[in-house]
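So the sequence lines, in the order shown, correspond to chains A and B. No gaps in the numbering here: position 247 of the first sequence is 247 in this note's numbering, and each next residue is one more. No gaps in the numbering here: position 81 of the second sequence is 81 in this note's numbering, and each next residue is one more.
Be a bit skeptical, because a hint or two may be false.
Using 27 angstroms as the maximum straight-line C-alpha spacing, the simulated DSS-like pairs for lysine-lysine come out as follows [as the list claims (entries may be wrong)]:
1) B/K278 / A/K143
2) B/K278 / A/K16
3) A/K16 / A/K85
4) A/K99 / B/K161
5) B/K161 / B/K59
6) B/K178 / A/K110
Negatives, chain B to chain A, calculated, CB over 10 angstroms [what the hints assert, rightly or not]:
7) I31
8) I33
9) S67
10) S86
11) L130
12) I167
13) F172
14) G173
15) M268
Between beta-carbon pairs, the in silico distance windows are [stated by the list, open to error]:
16) A/K16 / B/P82: 53 to 59 angstroms
17) A/K121 / B/P82: 34 to 40 angstroms
18) B/F14 / A/S176: 43 to 49 angstroms
19) B/A21 / A/Q92: 45 to 51 angstroms
20) A/R249 / B/L100: 22 to 28 angstroms
21) A/Y14 / B/A112: 35 to 41 angstroms
22) A/Y14 / B/S131: 48 to 54 angstroms
23) B/L100 / A/N205: 43 to 49 angstroms
24) A/M239 / B/K99: 44 to 50 angstroms
25) A/K121 / B/I78: 38 to 44 angstroms
Treat the hints as calculated values from the structure; they're not laboratory data. Ideal Cβ positions, reconstructed from N, Cα and C, are used throughout, including at glycine.
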Amino acid sequence: MKYKLEAKNIDVFYGKLKALNNINIGITENAVTGLIGPSGCGKSTFLRLFNRMNDYIDSFKLNGDIYIDNTNIYDKSVLVDELRKNVGMVFQKPNPFPKSIFDNVAYGLKIQGINDKAFIKTRVKDALKQAALWEEVKDDLGKSALALSGGQQQRVCIARALAVEPSIILMDEPTSALDPIATAKVEKLILTLKEKYTIIIVTHNMQQAGRISDYTAFFYMGDLIEFDKTDTIFTNPKMERTENYITGRFG
Amino acid sequence: MTNGEKNRLKDSIFKYIGVFACSIGLILLAIFIGNIIYDGFNRIDWSFLTSLPSRKAEKAGILTAWSGSLWIVIFTFIIAVPIGISAGVYLEEYNRKNKLTRLLEINISNLAGVPSIIYGLLGLEIFVRLSNLGSSVLAGSFTLALLILPIIIVATREALKAVPSSIRAASFGLGATKWQTTWYQVLPAASGGILTGVILAISRAVGETAPLIVVGALAYVPFTPKGPMDEFTVLPIQIFNWVSRPQHEFAINAAAAIIILLAITFTMNGIAVYFRNKWQKKINW
Ligand SMILES: Nc1ncnc2c1ncn2[C@@H]1O[C@H](COP(=O)(O)OP(=O)(O)O)[C@@H](O)[C@H]1O
Ligand SMILES: [Mg+2]
């Protein structure tokens with residue numbers, strides 16, 4: 001079976017600190033893959049490898065290869081801005097631009113040089129619908145995104161990522177700043193999105209991983225301890241460390 | 001006295017010292033402004049604004065002075081604002097932090113504290129003499145532009161620093177280039193702060209006298225500048241000139257011109273405050 005994304009022999013350093021240690025993983029298309037593990041174990045670092053967001057950190061150094069659709073994305077011929085049109089990202093804290101809802105969602109198209117107003121309108125509408133936000137904001141698209149609730153802001157950020165039609169979406173604890181009701185909405189949304197997108201999601205909430213992910217990877221201090229179908233990880237883990245973490249004995 | 005009583009006593013003593021210190025400043029300023037308005041307000045009329053300078057105090061006006069100030073401000077703006085903002089953006093957004101840039105940053109902060117007459121001497125040598133601009137509007141504008149550049153650069157950097165990095169991350173995450181991120185997201189989000197800094201810098205330029213005297217602005221110019229290469233005078237120099245004359249009528253003229261100058265700077269500072277408040281209200285992350 002071919003994987004959508006593959007990490008091969010990944011070591012990551014921040015200066016002298018080794019943040020990831022010989023990671024090998026294959027990520028399945030149109031599925032949700034959850035990354036779990038205690039704080040500081042390298043989940044975010046690993047996630048940011050796939051859209052090269054670590055490149056801005058001066059001390060960051062990578063060994064190994066990351067493949068998306070069989071292309072090594074750290075190859076010199078790869079354009080980072082092109083890569084990110086294919087790999088969208090949703091951040092931990094909702095971070096809408098201080099602009100209208102419409103401008104937020106349209107921004108990714110605007111920077112691609114797209115001017116066709118009708119085209120942009122349809123895309124914005126589609127993206128907001130996919131993000132399950134359209135009904136709530138369709139009469140207020142000119143309103144500042146900052147005036148929305150936290151949960152709505154996060155869905156604006158998801159719509160913003162969807163509008164450029166990526167095939168992969170990276171999410172770094174997207175519900176950690178939200179209340180339980182907003183969290184439930186976003187989780188439901190993620191389950192519908194996997195039909196069209198390949199999703200990798202970091203979560204430190206194990207129940208959440210259990211609810212939404214098809215595959216789960218357990219990281220511990222820079223090592224990938226175990227990676228398998230979520231059911232297997234939760235009911236029949238092979239490693240004692242995983243079991244201890246799942247059952248809440250540490251972490 | 002218990003310890004608590006001592007502390008409370010200290011507290012109230014300090015409060016009275018504070019109130020006293022504030023009121024001295026305010027009272028002196030109020031007396032000064034009241035005095036000026038009492039002396040000069042009745043002197044202000046249409047012909048005062050539209051007359052050329054004259055040896056006769058009652059015929060003299062400030063036409064050349066305020067039009068000279070206007071020319072100077074416009075050219076100073078054109079020169080200093082694009083360079084200042086670009087430098088601020090470069091230092092804050094593009095620059096990698098290393099020893100050289102730290103040295104550059106410290107020096108820019110220091111430049112903001114250099115006495116303005118030093119800029120005048122620099123301007124005299126570089127613009128008036130070496131660049132052969134003479135004592136022209138352009139030479140004066142370049143000199144004042146140098147003077148206010150550090151203010152604009154520092155204000156730009158502060159405003160950019162206040163933009164949260166999560167905005168940059170969001171933009172990069174969508175495939176925006178550094179330039180697109182800066183141009184479409186970071187600069188607009190910082191525009192209120194930058195604008196405030198620019199207005200304050202320009203209002204500083206309006207009031208500057210010493211560097212322009214060194215550059216060779218004339219106190220008596222019987223014509224308004226027709227172009228950037230013409231000689232000029234400015235309001236503060238006209239005031240200085242009138243104040244130094246023995247006749248009382250000229251002192252009245254000076255008071256009237258001071259009112260005009262104060263009105264201009266107060267208005268500009270007011271606009272700056274307005275934009276800053278509006279900007280802070282609009283954006284709370
Ligand atoms: N920008 C950075 N510079 C230096 N070290 C970092 C940076 N980001 C993360 N680290 C370190 O790398 C390790 C993994 O961090 P991270 O990937 O954020 O973990 P997680 O998301 O699992 O909490 C931690 O030890 C952290 O301190
Ligand atoms: Mg993290």
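**Report entry** 10 angstroms Cβ clearance of B/M268 from chain A
**Finding:** 26 angstroms, holds
**Report entry** Minimum Cβ-Cβ distance from B/L130 to chain A exceeds 10 angstroms
**Finding:** Answer for B/L130: holds, closest chain A Cβ roughly 41 angstroms.
**Report entry** Outcome of range test on Cβ distance (A/K121, B/I78; 38 to 44 angstroms)
**Finding:** 39 angstroms, holds
Report task. Take the C-alpha atoms of B/K278 and A/K143, compute the straight-line distance between them, and say whether it is at most 27 angstroms. Result -> Status holds; Cα separation ~17 angstroms.
**Report entry** Straight-line alpha-carbon gap A/K99 to B/K161, limit 27 angstroms
**Finding:** 19 angstroms, holds
Query raised in the report: Do the beta carbons of B/L100 and A/N205 sit within 43 to 49 angstroms of each other?
Result: Taking Cβ atoms as reference, B/L100 and A/N205 lie about 46 angstroms apart, which means the hint holds.
**Report entry** Non-interface label on B/F172, tested against every C-beta of chain A at 10 angstroms
**Finding:** Non-interface label fails for B/F172: nearest chain A Cβ at 7 angstroms, not farther than 10 angstroms.
Requested in this report: Please test the hint of 44 to 50 angstroms on the beta carbon pair from A/M239 and B/K99.
Outcome: Cβ of A/M239 to Cβ of B/K99: about 47 angstroms, so the range 44 to 50 angstroms holds.
Requested in this report: Using the Cβ atoms, figure out if A/Y14 sits within 35 to 41 angstroms of B/A112.
Outcome: 36 angstroms, holds
Query - 10 angstroms cut-off, C-beta based - B/S86 kept clear of every residue in chain A - result: 21 angstroms, holds
Query - Non-interface label on B/I33, tested against every C-beta of chain A at 10 angstroms - result: 39 angstroms, holds
Query raised in the report: Is the distance from the Cβ of B/F14 to the Cβ of A/S176 consistent with 43 to 49 angstroms?
Result: 45 angstroms, holds
Of the numbered hints given earlier, the model fails hints 2, 3, 5, 12, 13, 14, 16, 20; all others are met.
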